[in-house]
Amino acid sequence: MIASARQQYLAELVGADKGQVDFDKAIETPNDTTLIFRFYKPVPEHLALFHTSLTPLPAHRWKDVKPDEFRHSPLNLNPLGAGPYKLKNWMQQQEIVLASNRRSNLPKPGNIPSISFKVVPDYTVRLTQLQTGAADVVENIKPEDFTALLKANRQIQIKTVGLRVYDYVGWSNIDHEEYRKSGTFKPHPLFGSASVRLALTNAIDRQAIIDGYLKQYGVVCNNDISPSLKWAYNSRITPHAFDPAKASAMLKAEGWIPGADGILQKNGRKFSFVLYTNAGNARRNYASVIIQQNLRSIGIDCKLDVQESNVFFENLQAGKLDAWMAGWSIGLEIDPLDVWGSNLKKSRFNFTGYRNSRLDELCELAKQKMDPKGARPYWLEYQEILHRDQPVTFLYWIKETQGFSKRIEGEELNISGSFYNIDDWRLRPSTTVAP
Amino acid sequence: MLIYIFKRLLIAIPLIFGVLTLTFFIIRLAPGDPAAFFIQPGISPNVAEQIRAQYGLNDPLPVQYFKWLANVLQGDFGRSFSRAQQPVFDVIAEALPITVTIAGLTLVANFTFGILIGIVSAIRQNSFLDRFLTVTALFFYSMPEFWFALMMIILFALKFPIFPVSGLNEIGAESYGVFGFIVDRFWHLVLPVTVLSINGAAGIARYVRGSMLEVIRQDYIRTARAKGLPENVVIFKHALRNALLPVITLMGSSLPFIFSGALFIEVIFAFPGMGRVTVEAIFARDYPLIIANTFISGSLIVLGNLFADVLYAVADPRIKL
Chain A
693 MIASARQQYL
703 AELVGADKGQ
713 VDFDKAIETP
723 NDTTLIFRFY
733 KPVPEHLALF
743 HTSLTPLPAH
753 RWKDVKPDEF
763 RHSPLNLNPL
773 GAGPYKLKNW
783 MQQQEIVLAS
793 NRRSNLPKPG
803 NIPSISFKVV
813 PDYTVRLTQL
823 QTGAADVVEN
833 IKPEDFTALL
843 KANRQIQIKT
853 VGLRVYDYVG
863 WSNIDHEEYR
873 KSGTFKPHPL
883 FGSASVRLAL
893 TNAIDRQAII
903 DGYLKQYGVV
913 CNNDISPSLK
923 WAYNSRITPH
933 AFDPAKASAM
943 LKAEGWIPGA
953 DGILQKNGRK
963 FSFVLYTNAG
973 NARRNYASVI
983 IQQNLRSIGI
993 DCKLDVQESN
1003 VFFENLQAGK
1013 LDAWMAGWSI
1023 GLEIDPLDVW
1033 GSNLKKSRFN
1043 FTGYRNSRLD
1053 ELCELAKQKM
1063 DPKGARPYWL
1073 EYQEILHRDQ
1083 PVTFLYWIKE
1093 TQGFSKRIEG
1103 EELNISGSFY
1113 NIDDWRLRPS
1123 TTVAP
Chain B
20 MLIYIFKRLL
30 IAIPLIFGVL
40 TLTFFIIRLA
50 PGDPAAFFIQ
60 PGISPNVAEQ
70 IRAQYGLNDP
80 LPVQYFKWLA
90 NVLQGDFGRS
100 FSRAQQPVFD
110 VIAEALPITV
120 TIAGLTLVAN
130 FTFGILIGIV
140 SAIRQNSFLD
150 RFLTVTALFF
160 YSMPEFWFAL
170 MMIILFALKF
180 PIFPVSGLNE
190 IGAESYGVFG
200 FIVDRFWHLV
210 LPVTVLSING
220 AAGIARYVRG
230 SMLEVIRQDY
240 IRTARAKGLP
250 ENVVIFKHAL
260 RNALLPVITL
270 MGSSLPFIFS
280 GALFIEVIFA
290 FPGMGRVTVE
300 AIFARDYPLI
310 IANTFISGSL
320 IVLGNLFADV
330 LYAVADPRIK
340 L
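One line per chain: the protein sequences are A and B, in this order.
Just so we're aligned: 1085 in this note's numbering is position 393 of the first sequence, and the numbers increase by one with no gaps anywhere.
Just so we're aligned: 328 in this note's numbering is position 309 of the second sequence, and the numbers increase by one with no gaps anywhere.
Simulated from the structure, these hints should not be mistaken for lab results.
Built from N, CA and C at the ideal position, the CB exists for glycine as well.
Among the hints, erroneous ones may be present.
[Stated by the list, open to error] Simulated DEER-style distance windows between Cβ atoms:
no., chain 1, residue 1, chain 2, residue 2, range
1, B, Ser194, A, Thr725, 31 to 39 Å
2, B, Leu92, A, Pro750, 23 to 31 Å
3, A, Pro750, B, Gly37, 43 to 51 Å
4, A, Pro771, B, Phe205, 32 to 40 Å
[To be verified] Keeping only pairs whose Cα atoms sit at most 30 Å apart, straight-line, the calculated DSS-like set for lysine-lysine is:
no., chain 1, residue 1, chain 2, residue 2
5, A, Lys1098, B, Lys178
6, B, Lys339, A, Lys834
7, A, Lys944, A, Lys922
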């Protein structure tokens, strides 16, 4: 019985090739501490580990729960584990208290006896809690607050994690309306040409957005393979420079000529569109205003519209937006077909409608390599294609900035996350009362 | 009077059902998908579909409505979509006491301070004190509450760390003992209740002042003074009782404001009360929870109004219900 949000990954287990996973053969538990998965074809170790990271449930607790009650069984709120920490108390939407699990040997009990995760919806209040010492760690501190925070409390330090998050401007590569109506692919009247999209990237001053908002916590983004994934990252790609003159020339070559009002026109159509983004994101608001100015200066009329997140996401999925600003948080395994795959029915997150058969092929080839390093040549080429075709304008990678009290010691933040080695953290006994 | 109360309760039933029906359709008309959380890379595309099927969201709207109606008439408001499929009333049972405590304290603070300030302003009409209180009341009355809340936090939790920033209790407050726990809880409620009540109190103060000034000029007050009664008795026994009649109606009508005020107070101060539950339910398009919350707050407001009307009749013997 498998009830998991990640169930599509079971497609490689024994039996799946014949239509139905044969769980008796595919999954074995020879003893209390061993779990064996059998695949019908060779699967790279890193992907196998990633795909089979299904949490086993203790049979002695769950065996009487009916399958259709799995999602709402109270046992979900009382998880049982054998790791460094166990759940002591969970008040939904309020706090989760973990206590060090003295009997853990996976790998050992956590150092700090009790850790409490609190839900504080308001950012200002979280910031205040960090400053007063009511909280020891607050994630995602905005760069504009660093100076005041560090000045007010010297016992705080800012730590960075990354790079896993990037923002981009999405351009509809295809005419989504035509695709919805007839299922045929027609280039989008504004953004259908790779040359136009490249011109747009050249016209946007990405460094100015970084300098103005993210400062040293932002890096220009060339494509969706993070510079942190060194084994796959293509360091020979030079970012497209901010060059409005080049952008204008490229647009002219594509037939976009300034009209009487200064706005570019082609066959009677003005280069005018709405750039949508989701509400409540100060960083994207900041970036969108700069993008609007940049584009205006080369004769493109870009209107801004902010939508409530649910509405924005629904419109994006329905292919109703011509241009939008959004972001992705990438996984540590590279598996980008969901976002760029040519089969739009399968690639549910290919909002741009970008299609490139070589890119599809590269993604498949990379998956077949048993050793991730063996896939490197494919990923290098993959990045060159994205760099050339600019299905979207990649803006910047974000170093996530986390506020830490200095009384926490032994923390090692890395790309896996801020709490990666939380069981090794130690608390320095406070000599004075926190201010 | 009992017949009157009974009649009002009977009228309240279709009223609340009307509100719920409207809510049912309005939230379904709003864009957004309750299963949207499950639409992301790495999650099987089947999951969102399974969730929609499980929630019955694939049925046509009228079918959904009648299914919902049949369940609600049996007292079953369903399970929350966004909170691990807990029954909605379990979620509300945890949240409601918190909001009722805040609302109750706010109501008491509203009227205590509002009435006191109103009386002082009225009996010292046009004095410096009256002008000062009037200007101050107007100042707080015009202040956006969410901004005021943040300013109070910055002032009393950051600059002068007297009160806690957020939450209902300190971490580990369970070990303080029952008395310590309750004191700690009240300590955490000082800032939010102040923020929520200062605006209302300022409004009530203006009402009481106006009403007192009218009453003080009446003949029976002159008579009372002429009888040689002490000023205290004149003000509190003769004037105040009459001046408070219009204020009682305010009690009923201020309930919706307190409930809507609780929405942002709970978000800012991180209280897991009805306000926050509602806000989060709306963002998550958690239909059953939104409707159940509307039911609870709608019922409380209807009952609050009824209570105010009854109180009105009790306070003023001229009114027969």
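To see whether the hints hold, each was checked on the structure:
1. Taking 31 to 39 Å as the suggested C-beta distance range, the pair Ser194/B and Thr725/A conforms, at roughly 37 Å.
2. Remark: the range hint 23 to 31 Å for Leu92/B to Pro750/A is contradicted by a beta-carbon distance near 40 Å.
3. Between Pro750/A and Gly37/B the CB atoms are about 48 Å apart, so this pair conforms to the stated range of 43 to 51 Å.
4. Between Pro771/A and Phe205/B the Cβ separation comes to about 34 Å, which falls inside the hinted range of 32 to 40 Å.
5. For the hint pairing Lys1098/A with Lys178/B, the CA-to-CA distance comes to about 21 Å; that is within 30 Å, so the pair holds.
6. Of the supplied pair hints, the one linking Lys339/B and Lys834/A is violated, its CA atoms being roughly 61 Å apart against a limit of 30 Å.
7. Distance restraint check for Lys944/A and Lys922/A: the Cα-Cα separation of roughly 38 Å exceeds the 30 Å cut-off, and the hinted pair is therefore not satisfied.
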